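There are 2 protein chains.
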Amino acid sequence: MTQLEQAKKNKITAQMAKVAQEEEHTGTSIRQKIAQGKVVIPFNKKRRPKKVYGIGEGLTTKINANIGTSSDASKIKDELKKMEVSIAAGAHTIMDLSTGGDIPRIRKDILQRCPVPVGTVPIYEAAVNSVKRNGSICAMKEDDIFDTIEQHAKDGVDFFTLHCGVTIESLARLKEEKRITDIVSRGGAILADWMIKNRKENPLYEYYERILDIAKRYDVTISLGDGMRPGSIADATDRTQIQELVLLGELAKQAFDNGVQTIIEGPGHVPLNQIRSNVVLQKRLCRGAPFYVLGPLVTDVAPGYDHITSAIGGAIAAACGADFLCYVTRSEHLRLPSIEDVKEGVIAARIAAHAADIAKGISKAIDWDNKISLARKKRDWKKQMSLSIDPQRPSSMRLKSKSKTTDACTMCSQYCSLKIMDQAKERLKKQE
Amino acid sequence: MTQLEQAKKNKITAQMAKVAQEEEHTGTSIRQKIAQGKVVIPFNKKRRPKKVYGIGEGLTTKINANIGTSSDASKIKDELKKMEVSIAAGAHTIMDLSTGGDIPRIRKDILQRCPVPVGTVPIYEAAVNSVKRNGSICAMKEDDIFDTIEQHAKDGVDFFTLHCGVTIESLARLKEEKRITDIVSRGGAILADWMIKNRKENPLYEYYERILDIAKRYDVTISLGDGMRPGSIADATDRTQIQELVLLGELAKQAFDNGVQTIIEGPGHVPLNQIRSNVVLQKRLCRGAPFYVLGPLVTDVAPGYDHITSAIGGAIAAACGADFLCYVTRSEHLRLPSIEDVKEGVIAARIAAHAADIAKGISKAIDWDNKISLARKKRDWKKQMSLSIDPQRPSSMRLKSKSKTTDACTMCSQYCSLKIMDQAKERLKKQE
Chain B
155 MTQLEQAKKN KITAQMAKVA QEEEHTGTSI RQKIAQGKVV IPFNKKRRPK KVYGIGEGLT
215 TKINANIGTS SDASKIKDEL KKMEVSIAAG AHTIMDLSTG GDIPRIRKDI LQRCPVPVGT
275 VPIYEAAVNS VKRNGSICAM KEDDIFDTIE QHAKDGVDFF TLHCGVTIES LARLKEEKRI
335 TDIVSRGGAI LADWMIKNRK ENPLYEYYER ILDIAKRYDV TISLGDGMRP GSIADATDRT
395 QIQELVLLGE LAKQAFDNGV QTIIEGPGHV PLNQIRSNVV LQKRLCRGAP FYVLGPLVTD
455 VAPGYDHITS AIGGAIAAAC GADFLCYVTR SEHLRLPSIE DVKEGVIAAR IAAHAADIAK
515 GISKAIDWDN KISLARKKRD WKKQMSLSID PQRPSSMRLK SKSKTTDACT MCSQYCSLKI
575 MDQAKERLKK QE
Chain Z
155 MTQLEQAKKN KITAQMAKVA QEEEHTGTSI RQKIAQGKVV IPFNKKRRPK KVYGIGEGLT
215 TKINANIGTS SDASKIKDEL KKMEVSIAAG AHTIMDLSTG GDIPRIRKDI LQRCPVPVGT
275 VPIYEAAVNS VKRNGSICAM KEDDIFDTIE QHAKDGVDFF TLHCGVTIES LARLKEEKRI
335 TDIVSRGGAI LADWMIKNRK ENPLYEYYER ILDIAKRYDV TISLGDGMRP GSIADATDRT
395 QIQELVLLGE LAKQAFDNGV QTIIEGPGHV PLNQIRSNVV LQKRLCRGAP FYVLGPLVTD
455 VAPGYDHITS AIGGAIAAAC GADFLCYVTR SEHLRLPSIE DVKEGVIAAR IAAHAADIAK
515 GISKAIDWDN KISLARKKRD WKKQMSLSID PQRPSSMRLK SKSKTTDACT MCSQYCSLKI
575 MDQAKERLKK QE
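Same order as they appear, the protein sequences are chains B and Z. Taken in order, the first sequence gives residues 155 to 586; the numbers are from the numbering used here. Taken in order, the second sequence gives residues 155 to 586; the numbers are from the numbering used here.
So here's chain B without its partners, still in its complex pose (with noise of 0.2 Å):
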């Protein structure tokens, strides 16, 4: 039975009941959450990752980090290392979204080390191996989109991404909306020209059926993928973009139904003022369903700074009651990543979902406020850096810059606020 399954016949599962406890709830209400489609454990039966996560209502903001090869850099060693450095950064699931060198070994190799869930889009390896069979994307046959799932649930992925809502519809919708960047999901870009080419209905969507079959015997978590989400301002919440959300909405129901844990997909590039909008809308349509947004940016104007502009979208989107933050490096529209913008990447979506939780009034996200405020009035150097979100960076910026006051930086020395502060009270006690 999937977790799903399990809540819905009142059972709290030991992976319930880890949630509860790292959450600080109790496993009744994580459980009835799960059995309302308002939260999901991604975990594997076969797998079985060790790290368990609960993502969506109620619970901390989680943070996935992208990665995986493309067809100009295939180096599993260089993925196996952004793996690492994501997760000791603080990540709480990785996807591999590889799509250059050998695919099902880059993928096993990732599975094997990987401690926390971990998601894939199968769709692209099908492309790929499209490609290399009779070198087209069209050529693909429906039944090696379906085998190339069960292929990657059988692996052990804990999360897919599928793109059912791309359909017949949203296409002659696409075309009525005359967008700037069209679609910019490769998925959904993928499926689009399958589509066109074969004049067919997207397989993801009409045989739906087949997918919550697989998802079901392994306990794969499908995150519905936004085909049609907006990849420039001008094309943010647009008719495209929320059909696409209404037929999102009813597949959610329908896996849910069928005991399959879904969540949902959502933009982009989004105006910062349209932010709110997106996920009240979002979890009206689906339900409650999570919902797992990849920025949004909130400007297209910053390429090489885009970890920036995804950070401000989605601190606001969790605010908002965003559940799952896809982080967003620097390198998105430029270059496959980098191992140094991987780290800065998840740090800076840890900031946006750790500034969400704040706002939400989650405690524990508070109290690590106030721990550092703490450390830091009192010029606590050491404690400072240790309760850091990245302790290495500030560590290693103060070590570059000695101040002459010992217990000040070289920003202010002896003329620092809290310094003067401390021999100000001094004062006071002394004249009370």
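Hints listed in this document are in silico derivations from the structure and should not be mistaken for laboratory results. Errors might be hidden in some of the hints.
Any copy, or any two copies together, can satisfy a pair, since identical chains are not distinguished.
[Claimed, not checked] Derived DSSO-like pairs (lysine-lysine); straight-line CA-CA distance at most 27 Å:
(1) Lys-295 <-> Lys-556
(2) Lys-235 <-> Lys-165
(3) Lys-308 <-> Lys-514
(4) Lys-583 <-> Lys-192
(5) Lys-205 <-> Lys-172
(6) Lys-514 <-> Lys-437
(7) Lys-556 <-> Lys-531
(8) Lys-200 <-> Lys-579
(9) Lys-308 <-> Lys-163
(10) Lys-165 <-> Lys-437
(11) Lys-229 <-> Lys-573
(12) Lys-332 <-> Lys-532
(13) Lys-536 <-> Lys-573
(14) Lys-554 <-> Lys-514
It should be emphasised that the depicted structure is a prediction, and the values quoted were computed from it without experimental measurement.
With chain B fixed as given, assemble chain Z onto it according to the hints.
Frame of chain B; chain Z shown alone:
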């Protein structure tokens, strides 16, 4: 006459006309906003900076970069370089916060070379002089303070921060509040120490009319400092902070009545869910005076990444109505920023300001995004780079990672969604 006095007399100055042109407004609307105290043009009559900016309601969000020596690092050359780098990266104003070396000389060098408005915090220099002459901040004479303020105005400073709201009443409230980080404003701490030691009211409050007299003569814009700004999430929006804001509102009114341009400074460390209330409150209590925020930083736990924590807060604040963002660099809480930190800090603040301008519906902000997205769609890399908020970083990143697919990047290479969609649309055309 000051810009404000002229605006009240229905005169559209050359500076107002310039601002109107830049902002795509009419001269009349700019004049009206100035006459209402809702927009300021920092423009010292004596120095007449080359670049003129309007700050306030209905205008694009402006950003300030702090530079200046400390007693640990006092190389004029470095600070002048930071000034250049800041302006090249798009800062609208520069504040010289020097507390080390030959402070008058540094200020004069900056004022001579700086094309944009320059701000200072005169109390720093007064305090440093007092320490040099008498070994203590508390030995400052009231006249020393006002002489320093006058000297800054004479030198050509366009705006100065004065912490007039740190009063005996504020300090009593601070004592009751039991904050984690008390006072984190350097100016605020200097004044608090002086007031406690000398058992006197803050001279900047008690003799406020002396400040107004100086500011009026040179048309220096007063930036009413928030000496009581929260330095940690726990201290945000407390009675100490809000009582000071009430005072600042009264002082702004007095300045306005005397023909002196005023802006109000704001926090600081603020949880994401309290930012909107802070902006609404400032606008109401200060009758629409421009709001100048430092950050706000949405968490305390990210030293080394505070350009990101403040970009999140700054974007939200500006979208809610804050007019002027003071950048925060990754060196905040750790050291005097390096030249590279300064550049990255300016870009992060510009991203925040621009994301807010899109949210505010400013046409030229939205047009910029549309242009770069169109270049991205066409894989016109040259144009995409030249339209980037910082053309340098993405260009060098792309150069370091060459794709085999010439018009794509190493992230997706041949599986670039934009390329696949071009192909799909080509197919669709042929089918029709």
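Verification of the supplied hints:
In this assembly of identical chains, the alpha carbons of Lys-295 and Lys-556 never lie at most 27 Å apart, being 64 Å within a copy and 33 Å across copies at closest. Taking the shortest Cα distances, Lys-235 and Lys-165 never come within 27 Å of each other, neither inside one copy (38 Å) nor across copies (65 Å). Within a single copy, Lys-308 and Lys-514 get their C-alpha atoms no closer than 37 Å, and across copies no closer than 49 Å, so neither meets the 27 Å cut-off. With identical chains, the CA atoms of Lys-583 and Lys-192 are never at most 27 Å apart, being 54 Å at best within one copy and 43 Å at best between copies.
In this assembly of identical chains, Lys-205 and Lys-172 lie within 27 Å of each other by CA distance solely inside one copy; the values are 9 Å within and 60 Å between copies. Taking identical chains as interchangeable, the C-alpha atoms of Lys-514 and Lys-437 lie at most 27 Å apart whether they share a chain (16 Å) or sit on different chains (25 Å). Taking CA atoms no more than 27 Å apart as the test, Lys-556 paired with Lys-531 passes inside one copy only; the shortest distance there is 19 Å, against 48 Å between copies. For the identical chains of this complex, Lys-200 and Lys-579 are neighbours neither inside a copy (61 Å) nor across copies (41 Å), given an alpha-carbon limit of 27 Å.
Taking CA atoms no more than 27 Å apart as the test, Lys-308 paired with Lys-163 passes inside one copy only; the shortest distance there is 25 Å, against 79 Å between copies. In the homo-oligomer, the alpha carbons of Lys-165 and Lys-437 lie at most 27 Å apart inside one protomer (25 Å), although the nearest pairing across protomers, at 53 Å, exceeds that limit. Only between protomers do Lys-229 and Lys-573 lie at most 27 Å apart by alpha-carbon distance; the minimum there is 24 Å, versus 51 Å within a single protomer. Taking the shortest Cα distances, Lys-332 and Lys-532 sit within 27 Å of each other only across copies (15 Å), while inside one copy they are farther apart (58 Å).
Within a single copy, Lys-536 and Lys-573 get their C-alpha atoms as close as 17 Å, which meets the 27 Å cut-off; across copies the closest is 51 Å, which misses it. Taking the shortest alpha-carbon separations for Lys-554 and Lys-514, neither the intra-copy value of 37 Å nor the inter-copy value of 41 Å comes in at or below 27 Å.
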